[in-house]
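S.K.: One point on numbering: in our numbering, the residue at position 107 of the sequence shown is 549, and numbering is uninterrupted.
No lab work stands behind these hints, which were simulated from the structure alone. Be careful, since some hints might not be right.
[What the hints assert, rightly or not] Here are the in silico distance ranges between beta carbons for each label pair:
| hint | residue 1 | residue 2 | range |
| --- | --- | --- | --- |
| 1 | Thr510 | Leu826 | 26 to 34 angstroms |
| 2 | Ala723 | Asn497 | 32 to 40 angstroms |
| 3 | Phe853 | Asn707 | 42 to 50 angstroms |
| 4 | Arg572 | Arg727 | 32 to 40 angstroms |
| 5 | Asp562 | Thr785 | 41 to 49 angstroms |
| 6 | Val814 | Thr478 | 22 to 30 angstroms |
| 7 | Lys520 | Val835 | 36 to 44 angstroms |
| 8 | Val463 | Gly860 | 17 to 25 angstroms |
| 9 | Gly663 | Ile617 | 41 to 49 angstroms |
| 10 | Arg514 | Phe784 | 56 to 64 angstroms |
Please read all numbers here as calculations on a predicted model, not as lab measurements. C-beta: ideal position from N, C-alpha, C; glycine also.
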Amino acid sequence: MFTKRQTRQRAVVAGLTALAVLLGAVALATEFFDTTLQTAVYDKAIDLSPAKVKNQVTIVALDDPTITQYGRYPLPRKAYADLIKALKPLSPAVVAFDVGFYDPAADPAEDRALAEAIRDFQTPTDPSQRPGSVILAMQGAGEQELGDHTTVYKTLQFPVPVLRDAASGLGAVNINPDPDGRVRDSQLVITGPDGARYYSLPLVAAARQQRADLAKLRREGDRLILPTPLGDRVMPVDRRGGMSVYYAAPPAPTTYDNPAYPCRNPAEFCVVSLKDVVNGAIDRRLIIGHAVLVGAHSVSAVPDDYPVPNSQGSKMYGVEIWANTAQSIFTNRYPVLKQGFFTTLVQLSLLTLVGMVLVLRWRLYGFFGALVLFLAYVVGGYVLFANQTGGDVGTGAVEVPSLGYLVGAPFWWVVVLGYLLGPGCSRSGARIGESPSSSATSAGSRRSRRG
């Protein structure tokens, strides 16, 4: 039989557990910690268990040495025409430009020359060869609103017509940082004012490299599914069309101040200077069969860089974010911010209840034991994420443990501990106001009954 005090304590624990679950459910439903505690958990998971850099993407940098060679920034159209001509014999699978050709060149002949270089690149010299692909950037601009797993823009910016007609495709280059300024997602889908949809530059480039048909891309719930010869790529997308990026490497060093240049560090994405490609100084093995992404990198003129989960105080250029996005698609592995609603709520309920029982049973020692249990749970969550992201190719979304929503459990343990050790209880567990003799009498009575 429980004493009145024990019954009261159990009622308090049950009530606090119910309150903890209720508040946890409200926090989950309102995504209360998504942009604070849970993003910190997410960033640490990426930092502790990054993806592995694969030899599938090469970045061609619009860097300071290239600007010096061509004498001005923005670079003249001739620089890009020279690049495309130099890349053709190196046989990349696709060349995607993170460069806005939205305004015509001062000399229309420069646009025509670049368009001719693009067409020539996409015309194989041998009929048995696979045609090359050149993808140009476009983007949404102006006011935006939330659509159905997409972001709707009132205005779109496209390459000038002569270049748009020459290219084999267009890719959106919109970047939408989170409220803390970090870029965790890649905007996979945008929509124009007429309802037409456009896919992101890295998605279009990855599809071309994987020989997939974007016309067969379909959405099922909150997943985009792209059939490829190597299997479906199942990409999670949020309400605004963003896909979480599984970052593989911290920001790469500059091209002109990197002792491992060019591309001798396998833990970094391969970044080569546009100048060196044009001048024939880059080994063909760094280009052949790769998705080549062209964009600003190692440039001081107009920094296009952002903090990301694993940038560790530095920033990552936009073209590197696209490289990480493309590799996420290649490896079919995408970290999701947190676990599902009910999975997280069950974990919160059990963890809170177990900790309260430990505190109720052993007071301060139980509280310390509960903290040890919580730390073990945190470590186990990160280990589980690391195990799920192992291997060369994944199966789609991988949920980051919802540890940011579980940190409330220790708070409730403190509340219970304070209740048990507060002025309402004596060291022996008797309520203040009860005489020691009456407590002793009760204890003696219990011993007599057991006897």
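S.K.: Check each numbered hint against the structure and report the violated ones by number, ascending.
M.R.: Hints 1, 2, 4, 5 and 9 contradicted; others consistent.
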